[in-house]
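> Using the sequences and the hints, build the whole thing.
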Amino acid sequence: MRSRRGFIKSGALALFATGIGGVPTFIARAAQSSKILQPYKKNKIMVCIFQRGAMDGLMAVTPFTDEYLKQARPTLFLSPASGAAKPLIDLDSRFGLHPSMRSFEPLFREKRLAIVHGVGSPNSTRSHFDAQDYMESGTPFNKGTSSGWLNRAVGLLGHEAATPFQAVSISSSLPRSFYGNNPTLAISSLQDFSIQLRGNPLSANMAARSFEELYDQTTDALLNKTGKESFDAVKMLQKTDTRNYQPANGAEYPKTALGNSLRQVAQLIKMDVGLEIAFTESGGWDTHFNQGAENGTFARNVEDLSNSITAFWTDIGAYQDEVDVMTMTEFGRTVRQNGTGGTDHGRGSCMFILGNDVNGGLVHGNMPALAQENLEDGRDVPVTTDFRTVFCEVADRHLNIHNDPVLFPEWKGKAIGVMAANT
Amino acid sequence: MQQFIKLSAWLFSPLLLIFAVPLSETPVPPLPKTHYNFPYKSAGLTREEAAAHLLSRFTFGARPGDVERVAEMGLENWFQQQLEGQLPDDSLELSLQGYDALKMSNEQIVATFPKGGQILRMAVRDGLISKDSVQGADKKDYRAMLAPYLQQKGYKPEAELFRQLINQKILRAALSNNQLKELLTDFWFNHFNVSLTKNDCAQFVLAYERDAIRPHVTGLFETLLLATAHSPAMLTYLDNFSSSGPVAQNEKPAQAGLRQRMMKEMMARAADTSRQAMQQAEKIQKARKAQGLNENYAREIMELHTLGVDGGYTQSDVTQAARVLTGWTIYPIGDYGVAQTMRPVVQRLGEDRLTRQGFVHEGDFLFAANRHDREEKTILGNQFPAGGGYEEGVQLLHILAHHPSTARFICTKLAMRFCSDNPSPALISKMEKTFGEKDGNIGQVLITMACAPEFWSNTALRQKTKSPFELAISSVRALNAKITMPYQLFNWINKMGQKIYYYQAPTGFPDRGQYWINTGSLLNRMNFGLALSSQRIPGISFSLLALNQGHEPESAESALLTYSKLLMPGRDLQETVHRLTPLLNDPELNKKINAAAEQKSMAAPPVNNREGSADSMMEEENKKPKERPSQKGGGKNNFTTMQMQVAPGNNSMLAQVVGIVIGSPEFQRK
Numbered sequence: 000m001r002s003r004r005g006f007i008k009s010g011a012l013a014l015f016a017t018g019i020g021g022v023p024t025f026i027a028r029a030a031q032s033s034k035i036l037q038p039y040k041k042n043k044i045m046v047c048i049f050q051r052g053a054m055d056g057l058m059a060v061t062p063f064t065d066e067y068l069k070q071a072r073p074t075l076f077l078s079p080a081s082g083a084a085k086p087l088i089d090l091d092s093r094f095g096l097h098p099s100m101r102s103f104e105p106l107f108r109e110k111r112l113a114i115v116h117g118v119g120s121p122n123s124t125r126s127h128f129d130a131q132d133y134m135e136s137g138t139p140f141n142k143g144t145s146s147g148w149l150n151r152a153v154g155l156l157g158h159e160a161a162t163p164f165q166a167v168s169i170s171s172s173l174p175r176s177f178y179g180n181n182p183t184l185a186i187s188s189l190q191d192f193s194i195q196l197r198g199n200p201l202s203a204n205m206a207a208r209s210f211e212e213l214y215d216q217t218t219d220a221l222l223n224k225t226g227k228e229s230f231d232a233v234k235m236l237q238k239t240d241t242r243n244y245q246p247a248n249g250a251e252y253p254k255t256a257l258g259n260s261l262r263q264v265a266q267l268i269k270m271d272v273g274l275e276i277a278f279t280e281s282g283g284w285d286t287h288f289n290q291g292a293e294n295g296t297f298a299r300n301v302e303d304l305s306n307s308i309t310a311f312w313t314d315i316g317a318y319q320d321e322v323d324v325m326t327m328t329e330f331g332r333t334v335r336q337n338g339t340g341g342t343d344h345g346r347g348s349c350m351f352i353l354g355n356d357v358n359g360g361l362v363h364g365n366m367p368a369l370a371q372e373n374l375e376d377g378r379d380v381p382v383t384t385d386f387r388t389v390f391c392e393v394a395d396r397h398l399n400i401h402n403d404p405v406l407f408p409e410w411k412g413k414a415i416g417v418m419a420a421n422t
Numbered sequence: 000m001q002q003f004i005k006l007s008a009w010l011f012s013p014l015l016l017i018f019a020v021p022l023s024e025t026p027v028p029p030l031p032k033t034h035y036n037f038p039y040k041s042a043g044l045t046r047e048e049a050a051a052h053l054l055s056r057f058t059f060g061a062r063p064g065d066v067e068r069v070a071e072m073g074l075e076n077w078f079q080q081q082l083e084g085q086l087p088d089d090s091l092e093l094s095l096q097g098y099d100a101l102k103m104s105n106e107q108i109v110a111t112f113p114k115g116g117q118i119l120r121m122a123v124r125d126g127l128i129s130k131d132s133v134q135g136a137d138k139k140d141y142r143a144m145l146a147p148y149l150q151q152k153g154y155k156p157e158a159e160l161f162r163q164l165i166n167q168k169i170l171r172a173a174l175s176n177n178q179l180k181e182l183l184t185d186f187w188f189n190h191f192n193v194s195l196t197k198n199d200c201a202q203f204v205l206a207y208e209r210d211a212i213r214p215h216v217t218g219l220f221e222t223l224l225l226a227t228a229h230s231p232a233m234l235t236y237l238d239n240f241s242s243s244g245p246v247a248q249n250e251k252p253a254q255a256g257l258r259q260r261m262m263k264e265m266m267a268r269a270a271d272t273s274r275q276a277m278q279q280a281e282k283i284q285k286a287r288k289a290q291g292l293n294e295n296y297a298r299e300i301m302e303l304h305t306l307g308v309d310g311g312y313t314q315s316d317v318t319q320a321a322r323v324l325t326g327w328t329i330y331p332i333g334d335y336g337v338a339q340t341m342r343p344v345v346q347r348l349g350e351d352r353l354t355r356q357g358f359v360h361e362g363d364f365l366f367a368a369n370r371h372d373r374e375e376k377t378i379l380g381n382q383f384p385a386g387g388g389y390e391e392g393v394q395l396l397h398i399l400a401h402h403p404s405t406a407r408f409i410c411t412k413l414a415m416r417f418c419s420d421n422p423s424p425a426l427i428s429k430m431e432k433t434f435g436e437k438d439g440n441i442g443q444v445l446i447t448m449a450c451a452p453e454f455w456s457n458t459a460l461r462q463k464t465k466s467p468f469e470l471a472i473s474s475v476r477a478l479n480a481k482i483t484m485p486y487q488l489f490n491w492i493n494k495m496g497q498k499i500y501y502y503q504a505p506t507g508f509p510d511r512g513q514y515w516i517n518t519g520s521l522l523n524r525m526n527f528g529l530a531l532s533s534q535r536i537p538g539i540s541f542s543l544l545a546l547n548q549g550h551e552p553e554s555a556e557s558a559l560l561t562y563s564k565l566l567m568p569g570r571d572l573q574e575t576v577h578r579l580t581p582l583l584n585d586p587e588l589n590k591k592i593n594a595a596a597e598q599k600s601m602a603a604p605p606v607n608n609r610e611g612s613a614d615s616m617m618e619e620e621n622k623k624p625k626e627r628p629s630q631k632g633g634g635k636n637n638f639t640t641m642q643m644q645v646a647p648g649n650n651s652m653l654a655q656v657v658g659i660v661i662g663s664p665e666f667q668r669k
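Protein chains in written order, with numbering that gives the first Met the number 0: chain A, 0 to 422; chain B, 0 to 669.
By construction, these hints were calculated from the structure, which means they are not laboratory data.
Among the clues, some could well be false.
What the hints assert, rightly or not - Calculated cross-link-like contacts (lysine-lysine; reagent style DSBU-like; alpha-carbon spacing at most 30 Å):
hint : chain 1 : residue 1 : chain 2 : residue 2
1    : A       : 224       : B       : 412
2    : A       : 254       : B       : 114
3    : B       : 564       : A       : 227
4    : A       : 254       : A       : 269
5    : B       : 197       : A       : 224
6    : B       : 197       : A       : 254
7    : B       : 155       : A       : 254
8    : A       : 85        : B       : 197
What the hints assert, rightly or not - Quick look at which bits of chain A chain B covers, simulated, 3 or more residues with Cβ under 8 Å:
hint : stretch
9    : 169 to 177
10   : 214 to 223
To be verified - A few chain B residues facing chain A, derived, Cβ under 10 Å:
hint : residue
11   : 295
12   : 299
13   : 495
14   : 515
15   : 656
16   : 668
All residues carry an ideal CB built from backbone N, CA and C; glycine is no exception.
Here it is as structure tokens:
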């Protein structure tokens, strides 16, 4: 930590010698010391997408042979029957992917995409706020945990951050998963990441210098720490033209918040700025009312989700071996549809994990027949896989993080084989 | 050309009326009597320091001279005056005159600001456009096509409603003399959050804040709770409007007959050949089907509005509370969308029979007895015997409002907002005691807090971080800025991480420094300071020289000293001044900056709204003024105003120093 600060600090001084907008000093210095830049390329990167609002896992990946489900959802149930206008995509004769997620199908067939069904928290809260809080802190029975699990993951990567971009959230504010003592970064747009005084670079430079000085010395710990991180990050981003980014391999991102976020994650990956953990969010999953079936709110949401991820995957091309994408949502929704054409807060939902080291082409987990006696509290998909099982296995196998008790305190669990066997 | 555009923006700006029309003098109420004393002396604070702290917590920021005024009139007197919230607000009222939505009922709002889909349907019905032509057109063409139609019908786009809502909040926060009332309105709105992101609820948000929140912010918590529970915004936001008990189970034969008659009526409507009537009938049928229990509101009322998540309730309490609240819905508004669902029933029965059958109609609220679950319920150990109606819900809210968990939860939240992010248990228990003894009187709880030593201690002073909204408003207040385009501030506030009225989750914004401050948002705060101070935010103008009684500072260093004091009265500024002085002492600095600024102003027009250009509503703001009645007249003054903007003394060195002060860590604290 100390050494990084020292490094950045001296980089900052050099930068002001040339002025903001001049030679990207950090990079120049990094190149001089040569040991910094190269290793990034070997870094593994984990991209997490939090679907806020609780995705209806039963509609995303439907156990379509289940007669109980069919009965419980008179207007929401979809089938893979070829007669339907938009049939489910039959994955394995038992589970069907929502028709709006067809861009996922090839990834599943190529065994890069795995699904885990019946995932959730051991804490049975059905409150968004709580369940998200627990999932992001990674401690489902302790509200007081001050750090988020991804922040702890940063600390367990086993090497110091060479850059401020080790852990980046594409969001206007810091997500709960990122809370904690390890340096993390939240950006809503890469383009805005500088001190700006339009048309007046000298003044901007002077202002930046003043701000850096002030934040460096303030007694307010939060402002002090965040200020330092901000200026570190500004210097890094100055080296490329983020404004005119062209996705590779013909990738087309949906023009949505998630599409835009993943596009920026791809940019960071290709800039080799030392990214290892990325976080983005997707909203609109709280479908109490008129959820829709093959069309409608839910269909639009999963279309955005799958198309954004697929575009990202296409765009990063050569980096695919380094990157895993993992989706998560705070809980699932009631098996039975409610009286208002939607579903209420439930328990188990499903996750998608994409990567070349993933044990893909399978629907993992354990989904019983959805007869009432098998349901949690007689109403919800039972949680058969603790979310920490999956988080832990992906972090372990992809990021080489083995210290489970630190990552998820007071928890012990066994991997379920979401990741491919060691090759 | 550029000048002309600027000129017309000023010409039509509503604020100019302030200068054109002499303010009518509304009498100021006499100073209230207070029976309490703030213990700031024992905390080692001078009267002025204490006044500065008080103002930083109970206003959106001190204006020039406020600290001295409050110190002089007495801190307790000022606080009591704020709690009463009766100070005249003539200049605020004047600046709000152009906003026609602010005085409209929900019914009028729905009739004036139809939703996009509704406009399209009406335009198609009236033969103005054919449906096929719309589908191919892009948004811009579509808007252009509909504009004359909207004007002819007197309709305005829904975005204009949202713009008025946002602008009025900014203007009230910046201009109101009853600052505490506005601050508490912000607090309680966030506590009982509803959101423009939810389509069904969006049209009702304005009346929600005005009628359900603002009148009750210092009163009894139970009143506030009930007002929100009755409001169409909350009923739609958390879906309770559609929640009902099992139909067959509690339907009497007479009601079954009624339902059949209603179906017949609908079929008759469906037989009507006009497209509108058919769609109407479809809608009604859909809404009729949308029956069943929805427990969303019942859960959040316990978790977020009253008891708190650890407040000691179970899933069964939630479900049973949802059953108690079945039938709490909206008295029909308009003839489109979810808020008119109950119209057939209401029309069929008429007010008298509604009352006789146990329906309750209060303003926009309707208790629909035919949707209520009449079976027995038990919540938190309280029995609700079978056969109950509307009064069950009122009783439930009463129980919740008076539960000890609620006292703790609400007092903790108030202490976190007004005292510190980690309020001491001792402070909270004092507040809880008052909450219990005074029937949940919010004003009394605030007095207890302000009378507690904890409020004046080092664990509280300067320990809160301003939210982005507070940062923006405190800046314009400190600068005595004129705001002619409030929406420009909204764009910045959004950029800094607080898109007001658009927070999607019922939790409201987390009110902690750690949530507001992150690397990206912090840079935007600094950039906001620079953009504001250099008058690059269109529609926000001020004179830095006037702030300093017309004296121009002799050097950057003296500018720093003078303006730090002006912007942060009552603060220890040693740190800020000490750190910046060496940087500002560069003898060439002034010359360099001015040269750079001159170069820049030759190269590019000074007011260039790049920040806001991405937002389509912004375009509205720039165009809109012509339509607003308040902007007639006042044209003569605009030259003076314009000249003020470029008057000597607003030089770039001074602007830069002020920008740095606004972006400094000290100014982020309160």
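> All the hints need checking, so say for each whether the structure fits it.
Verification of the hints:
1. A:224 <-> B:412: Holds, because 26 Å separates the two Cα atoms, which is no more than 30 Å.
2. A:254 <-> B:114: 23 Å, holds
3. B:564 <-> A:227: Cα-Cα ~26 Å, so holds.
4. A:254 <-> A:269: 21 Å, holds
5. B:197 <-> A:224: 36 Å, violated
6. B:197 <-> A:254: 20 Å, holds
7. B:155 <-> A:254: The hint holds at about 27 Å.
8. A:85 <-> B:197: Holds, because 28 Å separates the two Cα atoms, which is no more than 30 Å.
9. 169 to 177: Satisfied; 3 residues make the cut.
10. 214 to 223: It holds: at least three residues are needed, and the stretch 214 to 223 of chain A offers 8 whose Cβ sits within less than 8 Å of chain B.
11. 295: 5 Å, holds
12. 299: Holds, because the Cβ-Cβ distance from residue 299 of chain B to chain A comes to roughly 8 Å (cut-off 10 Å).
13. 495: 8 Å, holds
14. 515: Holds, because the Cβ-Cβ distance from residue 515 of chain B to chain A comes to roughly 7 Å (cut-off 10 Å).
15. 656: Holds, because the Cβ-Cβ distance from residue 656 of chain B to chain A comes to roughly 9 Å (cut-off 10 Å).
16. 668: 6 Å, holds
Hint check: a violation occurs at hint 5 only; the rest are consistent with the structure.
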